[in-house]
Structures are given as C-alpha cells and as structure tokens.
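If you read the protein sequences in the order shown, they are chains A and B. When the letters of the first sequence are read in order and numbered with this note's numbering, they come out as residues 1 to 239. When the letters of the second sequence are read in order and numbered with this note's numbering, they come out as residues 1 to 239.
Read the hints as simulated data drawn from the structure, not as lab findings. Please read these numbers as outputs of a predicted model, since none were measured by experiment. Misleading hints may appear alongside valid ones.
Remember, identical chains collapse to one label, so a pair may be satisfied in a single copy or spanning two.
[What the hints assert, rightly or not] In silico DMTMM-like cross-links for lysine to aspartate or glutamate, where the CA-CA straight-line distance does not exceed 20 Å:
(1) Lys61 / Asp93
(2) Lys27 / Glu39
(3) Lys176 / Glu58
(4) Lys176 / Glu160
Protein chains: 2
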Amino acid sequence: MNSNNREEQKVSAAKFYGVGVGPGDPKLITLRAVEVLQEIEVIAIPKSKMERESIAWEIAKSHCPSGVRIMELEMPMTSDESILRAAWQSAADKIQDEMQKGNSVAFLTLGDPSLYSTYSYLLTILEPVLSPEQIETIPGITAMAAAAARVNWPLATGDEPLVILPGIEGLEEYEKYPNLVLMKVSRNLPEVLKRTQTTGAQAVLATRVGQAGENIRVLDAQEELEKVDYLSLVLLKQK
Amino acid sequence: MNSNNREEQKVSAAKFYGVGVGPGDPKLITLRAVEVLQEIEVIAIPKSKMERESIAWEIAKSHCPSGVRIMELEMPMTSDESILRAAWQSAADKIQDEMQKGNSVAFLTLGDPSLYSTYSYLLTILEPVLSPEQIETIPGITAMAAAAARVNWPLATGDEPLVILPGIEGLEEYEKYPNLVLMKVSRNLPEVLKRTQTTGAQAVLATRVGQAGENIRVLDAQEELEKVDYLSLVLLKQK
C-alpha cells in the first residue's frame with residue numbers, strides 16, 4: 001500500500017460523532033460516550049454566551065486524550081434563520097475540513113443530541129455528504145430524566161402521555177395532559193407558577209441538574225419566584 | 001460500638017436503587033449505574049412472560065459481583081388494579097425484608113426508571129417507609145433516544161413539542177403535533193401505518209433497539225406489516 005492509499009483510508013475512517021454527555025453529573029455519561037472520547041482527535045463545541053458548552057467540556061475532558069484539540073464553533077444567539085443557517089454551514093465546513101485531514105470529530109451535547117440540539121442542524125448538512133458509517137449519534141441522559149430521578153418522580157406511568165415543550169409557548173393548550181415537561185423556563189417561571197395556582201398542578205423546579213448549584217424541589221404554588229437560572233426546567237403533574 | 005449498634009448501622013445504610021440499564025446495548029449504561037451494580041447485594045427483577053427483564057439482567061450481570069443474589073418479583077400481566085396493587089405490595093415487602101437484613105437492593109429497569117416503569121409503583125409504597133437517603137433513582141437511556149440516534153433523527157428541534165404516548169390510544173388527537181413517539185406498537189402497527197398514509201407522516205419503526213435482532217428503519221407508507229415484536233416503538237414526524 002503506498003502512502004496515498006494509506007492517506008485515503010485514514011480519511012474515509014474519520015468519523016463524526018454526536019456525543020450526549022448527559023445532564024451535568026459526570027457519572028451520568030454512558031460507557032459508549034467514554035469509549036469514543038478516549039480516542040477522539042477533535043472536540044467540537046458550539047461557542048456562545050451560555051455556559052452549557054463549558055459544562056459539556058467539563059464532563060468530557062477527564063476522558064479525552066491529553067493532546068485533544070478543541071474546535072470552537074460560533075453559534076450566534078439569534079432567531080434570524082439566515083444568520084443561523086450560515087453559522088451551521090460554516091461549522092459543518094470546519095468539521096469536514098478536519099475529517100478530510102483524517103481526524104475524527106466529536107460534537108458535544110449536554111443532555112441528549114436528538115432533543116433540541118444544534119447537532120440536529122449540523123446533521124442536515126453533514127448527513128448528505130458523509131457515508132452512513134461516518135456518523136454515530138450517542139444518546140445521552142436528559143436533564144428531565146435526571147431531575148425526575150433526583151426527586152423520585154415518574155415522568156409518566158400507565159397509559160398517560162408525556163408532553164415535552166421547549167418553552168411555555170401555548171402552555172394553556174397542553175395543560176389538559178397529565179404530564180408536562182417545560183425545558184426552558186427561566187424568565188417565564190412566574191407565569192408557570194401562576195398557571196399552577198389556576199390548574200392545581202404539582203410542579204418540580206430543577207435548576208442545574210447534576211451540576212454545582214443544583215436545586216431540585218417541589219414548588220409551593222404560593223411561592224413568589226422571579227427569573228431563575230437559564231439551565232432550569234419544570235416538571236408538571238396535573239391533578 | 002457493640003454489635004447491635006453495628007447491625008443497626010448496616011440496616012440504615014441499606015439502600016434501594018432504581019437502576020436504568022438503558023435500551024439494550026450494554027454500552028448505553030451510565031457510569032453511575034455500573035458503580036452501583038458493582039457493589040450491590042441483591043438484584044430485583046420483575047418476573048413476567050416478557051423478555052424485558054432478562055434483557056435488563058443480561059446488561060447488568062457483567063458488572064455485578066459473582067455472588068449477587070437475584071430476587072424475582074411476580075408481576076401478573078393484568079389490568080386488574082387490585083391484583084396489581086397486591087403484587088406491588090408483595091414486591092415492596094420482599095425488598096424491605098432484604099433491606100432490614102442490611103442488604104441493598106437494585107431494581108433493574110430497561111430504559112429509564114421514570115418512564116412507564118413498574119419501579120414508579122414500587123416507589124409509591126417504599127418512599128413513605130424509607131428515608132430519602134435510602135432511595136436512589138439512576139436515570140437510563142430510553143429506547144426512543146437510542147432509536148433516534150441510530151437513524152440520526154431528531155426527536156424534536158426548535159420550538160416544537162415532543163409527545164410520547166405509551167400506545168396508540170387517542171392517536172388521531174395527537175397527530176396535530178409534529179413529533180410523536182409511540183412506545184408500544186406491536187399488534188397496532190397496521191393501524192399506525194394506515195394513519196401515516198392519511199396524514200403523510202414519516203415513520204421510523206424501531207424493534208429491539210441495541211439488542212440481537214435490532215431493526216431500525218424509515219417505513220414506506222405502502223408497506224404491509226403485520227404484528228411486530230413486543231419491544232417495538234415508532235417515531236412519527238408530521239410533515
């Protein structure tokens with residue numbers, strides 16, 4: 001085999017991983033995620049003003065080789081789709097560049113990569129240009145599952161549906177369902193609390209699940225809470 | 001400290017764990033679950049005609065001490081609530097007996113213990129009689145997250161809700177939502193397929209995720225499928 005062939009083989013063996021590192025607790029990562037991190041060449045992390053990314057790296061880094069390279073991907077905090085699309089394309093290009101040099105890239109996601117993650121947008125660009133063998137998504141423990149576990153609450157039982165909402169948009173419509181998860185409450189918490197007073201729902205507020213400053217507790221409907229940490233979710237059970 | 005005190009201390013140190021062992025792939029278990037299994041005295045497994053329990057044990061056993069004891073808990077396959085309640089009470093009594101001898105018990109759950117698991121029913125009996133420090137729920141990777149990962153599908157993105165249904169009950173009502181997970185389809189698969197022809201939804205059928213005989217694929221709406229394996233779920237995306 002000449003060196004050209006060897007180079008080609010290395011390129012085609014380069015893989016793109018979406019790695020779910022779990023909610024924050026370093027022990028809530030899977031054996032498969034650890035296995036991949038132990039041999040990875042490049043770690044891709046979306047760069048924004050949020051702390052989510054640095055938490056994901058905190059979890060991952062103890063498993064990574066000492067020489068691992070960090071690739072920061074700019075992700076502007078905007079809802080302007082054309083700006084977002086340009087950012088995703090640029091991120092996907094950088095990942096492909098690395099892969100063409102024969103380096104495997106692991107994109108880190110706090111929680112699970114299939115649930116409300118930038119990874120899904122990168123895949124829409126990368127899936128058509130990579131072979132199926134070059135992509136591996138590694139599921140992760142979600143913050144909602146970890147929060148439910150911490151207070152020993154079922155997310156759902158029996159024949160009940162579970163409805164997961166990324167925010168509080170349309171909350172009133174969904175209140176007829178027995179189990180709700182509101183993924184990002186933050187500044188909307190006072191409104192959520194007000195709704196529980198109306199509906200009589202029980203609510204668990206979970207902030208920084210498995211991280212420093214974790215706070216998970218059943219809310220008193222009479223509490224007055226203002227804006228909470230960005231990394232907060234609410235579990236609601238209608239009576 | 002006399003031996004009586006020592007005995008009491010051992011009893012109060014006995015713990016009850018709900019361990020999510022993930023969907024089937026032995027590598028999709030968390031480091032925390034492995035840590036608990038490595039030191040456990042008693043493994044509790046619900047006994048029924050389903051294979052779920054033996055799969056959970058297959059995943060767990062490589063991590064357990066060689067002398068670990070298996071406690072089988074009878075769980076009748078019935079919807080008669082009085083029979084079920086009696087079975088849960090009997091199971092909870094057996095677990096408490098072990099804990100009173102100073103033995104920690106790990107109840108295994110395929111997937112996540114907070115989602116449609118017998119563990120939730122046991123907790124309603126055991127939580128009032130144990131101290132909070134004696135209970136630990138360890139979240140697990142769900143079959144739906146693993147299925148989505150295998151086909152690189154997002155479960156949900158952006159501001160879309162995700163609705164999880166334990167079966168197909170009331171499916172038509174939920175079809176207005178963009179992302180649906182039907183946890184147990186089995187004999188209802190032909191009806192689900194028929195609905196996708198009506199609504200134009202894309203469907204992924206996932207059978208035995210991460211287990212021998214795994215089959216995960218995007219369905220062709222024109223396919224004719226009869227009853228599938230009990231361990232099947234469907235991911236639906238409305239167009």
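How the hints compare with the structure:
no., hint, verdict
1, Lys61 / Asp93, "neither (24 Å within a copy, 43 Å between copies)"
2, Lys27 / Glu39, "both (19 Å within a copy, 16 Å between copies)"
3, Lys176 / Glu58, "neither (39 Å within a copy, 39 Å between copies)"
4, Lys176 / Glu160, "both (11 Å within a copy, 18 Å between copies)"
Checked against the numbered hints above, the structure violates hints 1, 3; every other hint is satisfied.
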